[in-house]
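Visitor: Residue-level listing of the chains:
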Amino acid sequence: MNQSTWLSVCTTDDLLAGGGVCVLIGKQQVALFLEPSKAQVFAVSNLDPMLHVESVSRGLMGGIDGQTYVATPLLKHRYELATGRSLDGGDQHLKCWPARILGQTVEVLSAPVCTTEAHHG
Amino acid sequence: MLLTRLAIVGNGMVGHCLIQSLADQGIIDQYTITLFCEEPKLAYDRVNLTKYLSGSNAEDLSLGNITDYESWGLDVKLGVAVEKIDLQSHCVSGSDGSHTQYDKLILATGSYPFVPPVPGHDLDPCFVYRTLADLDAIEAAAKTAKTGVVVGGGLLGLEAAKALVDLGLTTHVVEFSDRLMMQQLDAEGGALLRQKITALGVQIHTSKNTQSIDLQIDGSLSMAFADGSQLVTDLLVFSAGIRPRDQLARDAGLELGERGGITIDDNCLTSDPDVYAIGECALWQGRIFGLVAPGYQMAKVVISHLQNSEQAFTGADMSTKLKLMGVDVASIGDAQGTSVGAKSYRLTDERNGTYQKLVVNSDGDKLLGAILVGDASLYGELLQYCLNGLALPEHPEMLLLPSTSEASPKPELPDSATICSCHNVTKGDLCNTVQAGHSNLADVKAKTKAGTGCGGCGPMVADIVQTAVLSHGGEVNHDLCGHFSYSRQALYDLVRIKQLKTFGQVLAQYGSGIGCEICKPAVASILASCWNQYVLAGEHLAQQDSNDRFLANIQKNGTYSVVPRVAAGEIKPAQLIVLGEVAQEFDLYCKITGGQRIDLLGAQQEQLPDIWQRLIEAGFETGQAYGKSVRTVKSCVGDNWCRYGTGDSMGLAIALENRYKGLRSPHKLKFAVSGCIRECAEARSKDIGVIATDKGWNLYVCGNGGIQPRHADLFATDLTSETLIKYVDRLLMFYIKTADRLQRTSTWLGQLDGGLDYLKQVVIEDYLKLSGEFEEQMQSLVNSYKCEWKATLEDPEASARFKPFVNSDAKDESIQMHLVRGQTSPVPNSGRGDLINLTQVL
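Respectively, the protein sequence lines represent chains U and C. Be aware that the first sequence starts at 4, since it is given in the working numbering, and climbs by one per residue. Be aware that the second sequence starts at 651, since it is given in the working numbering, and climbs by one per residue.
Be a bit skeptical, because a hint or two may be false.
Derived DMTMM-like pairs: lysine to aspartate or glutamate, alpha-carbon spacing no greater than 25 Å straight-line [what the hints assert, rightly or not]:
| # | chain 1 | residue 1 | chain 2 | residue 2 |
| --- | --- | --- | --- | --- |
| 1 | C | Lys1453 | U | Asp16 |
| 2 | C | Lys1453 | U | Glu110 |
| 3 | C | Lys1206 | U | Asp94 |
| 4 | U | Lys79 | C | Glu1189 |
| 5 | C | Lys1461 | U | Asp94 |
Calculated directly from the structure, the hints in this document are not laboratory data.
Just chain U, with the same shape it has in the complex (with noise of 0.2 Å):
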């Protein structure tokens, strides 16, 4: 049951350098955000913890002091998209999982990484 696994979720042709797309697995909205270098690959929550909007992959990607966050489009609040982490000094985290690239495949771990989401759920 708590075995994580690699899943394969989409190709790199479906990300957008810089910026954000979104995979459903299951009934879970994935946000992936793609390092403009292609390097890397980000997966959190697409839920807004603020608002509780499916809307974080339509965000703008940022970098600050070599962390590289997304900026939500409601109401710009900043998660750092490693940790998930408010950038802003807020108590919301962003759910994430690790993600990586292989080949043309997109992978991520079905187990997040951090757990501390704070959600009335």
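Go by the hints and put chain C onto chain U.
Guide: Here is chain C on its own, set in the frame of chain U:
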């Protein structure tokens, strides 16, 4: 404690300053104040009276505000003149029959225009130029007049002449002495000013001693001069100086000067220890001060004396800088060089039409005075040399030469140097404010009021604040963000000059890192303003803000709104039907917007291409409501239908909207066109507002609505449509070139050095010689316009990006809607509540 009873007689600019200062200092509640205001309106800005005839209304000029006054507890007697002052019983009798007891009385009765006692001076078409009522009378008479004469070629006379020119009259100025602005200028400066004003179509007659004025049979006036010449005119305005309004004081038995004026001492006290006099009615050491700044100083001296502290009136600097009909004129200190041993340096530049003169002491190390005509940019610097007795450079003439670093070193000012003489703010005050933690120019200005009077010291204030911020270890940072050490303006120039076409190129050459949510949309906007490429092209896509990326406005539940362009709000029935059908088919919420179009809300991302397919087939184009770009041109129905209409506002609005649609800019741009002076389209609340006149169009610029509404400023009058478009082209390109990111035109203008006058110079007079370039750039943007939704539908790859998931054709099931008043609306706090762990999915 019994409150001191103050009676204030007069609510001109100085009387108002007294009240405002009491309130600002938080001491107004120590007094029971009765205010007598003879005019039916509270204080207004008399200095800018001419603006009343060129578009400003009484509201724009007003200074005093009844709501404020009453909230401060004043008993305001509006429209009530004081008839009698009884010094013995401390009682003031008003024209309303009232009797008011005072402990302290302050006379701020101002002055009245001097009318020479020439036979015929009181004929009907003769006016004076002092109050709003005077201007109303002149304006009414000008409707049937063709020519107008101003008697008086001084500062006020030329202001009045400007008013007559604005009213469309052929204007003459008649001056008794041999030159214009005799008080402030020497013969050479006066001659150059005359030449410049004559070139503007005003006829100047100097050395004319008016002997009589006669009414002719056709109602016109014939003026006869001592030299035998004559001049015929339809109306006449006396503006030949002022005289103190001292009759009340005279009747009360207060001491007056030989030639009038209420005698005051250094505390502004009259011969009665409980009566003060301030402003133009007051005579200090035999002098009347006909400027507003000394009056303001007197008001502050009175307050200080009332509060038992010592701040004496020590005279005032009468230096002036002004723009007369577009001509810069400034006069400082002993401009005529009458001091013993005074020597002068003069520079006449006939090519550029400027005259500059320095008056120095016999040793040549102190500046005594100066005259500047045609270019007054040295005013601030020279004034500091003069007021603070700063040592002049070894070769003072170098100050007059075009500035190079070694030619004109900036004087090092002492902290005591007065920078803003309107509000008496010193350099020390500014530096202390910076030291107290205000590092932003706007904050410092708000805190000290420096630069908020005549504005002449604006550049110097900015300079001092910037230096102070730097010297306190602060940084004046105009960087766009952490990734670009350039301002938006600098990046715009780099993009244009270096022909950079993508964010990647700009970042690689001038930035660092991967960019962020600030620089990405800002650079994307600059690129669009320069090259107008399709914003969803691969290399631009990741930089677009969410709204631009999906060419729609994101709503709180993640759905989008769709706003097709309805130029000027004109829409055919068939198009209305299509909008209704589309809304019904896609279950969209409908709302009419403030910009006269129709908003369809609640579209899911993947529905957008299908919705637009239908709309484009019906002839619609994108309304670009999602972009920082031109939104709508609002319009009234205009003279095609309206019985009051004087211009075809619909025609012009549609032309403007179609010309500028798609234009991306630092912030959104809103336009409006009204077909007559009733202004039903609310043009003066827009970035670009146009109002029809019977001769063409008046152009207003840089207004906005919102929480801090700002009326657009009158920019040019009676334009043809062609000239109007030319000006709008230039102004918008100048804004796009120089504004900060997300800076509306109103704040941009507010921060533009030189303000509206400078903007006019750039746009109308082509001061920067960039007009041609601006027009070409705009034309190229107009020519390359393409509806972004049309382009998107033509590109299958672009359309495919609207699917919510790249790995599935499923819909986003998380969006929940319900009915509100019969239409689809978001469920409050909708979105997914329960998240499923991926491991559980498996």
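Visitor: Hints first: check each against the structure and report whether it holds.
Guide: Checked hints:
Proposed proximity of Lys1453/C and Asp16/U is supported: the alpha carbons are some 15 Å apart, at most 25 Å. Proximity of Lys1453/C to Glu110/U is assessed by CA-CA distance (about 20 Å); at most 25 Å being required, the pair is judged to hold. With a C-alpha separation of about 21 Å, the suggested pair Lys1206/C and Asp94/U falls inside the 25 Å cut-off, and the hint holds. A C-alpha spacing of about 22 Å is found between Lys79/U and Glu1189/C, which places the hinted pair at or below 25 Å, so the restraint holds.
Restraint check for Lys1461/C and Asp94/U: the C-alpha separation of about 30 Å exceeds 25 Å, so the hint is violated.
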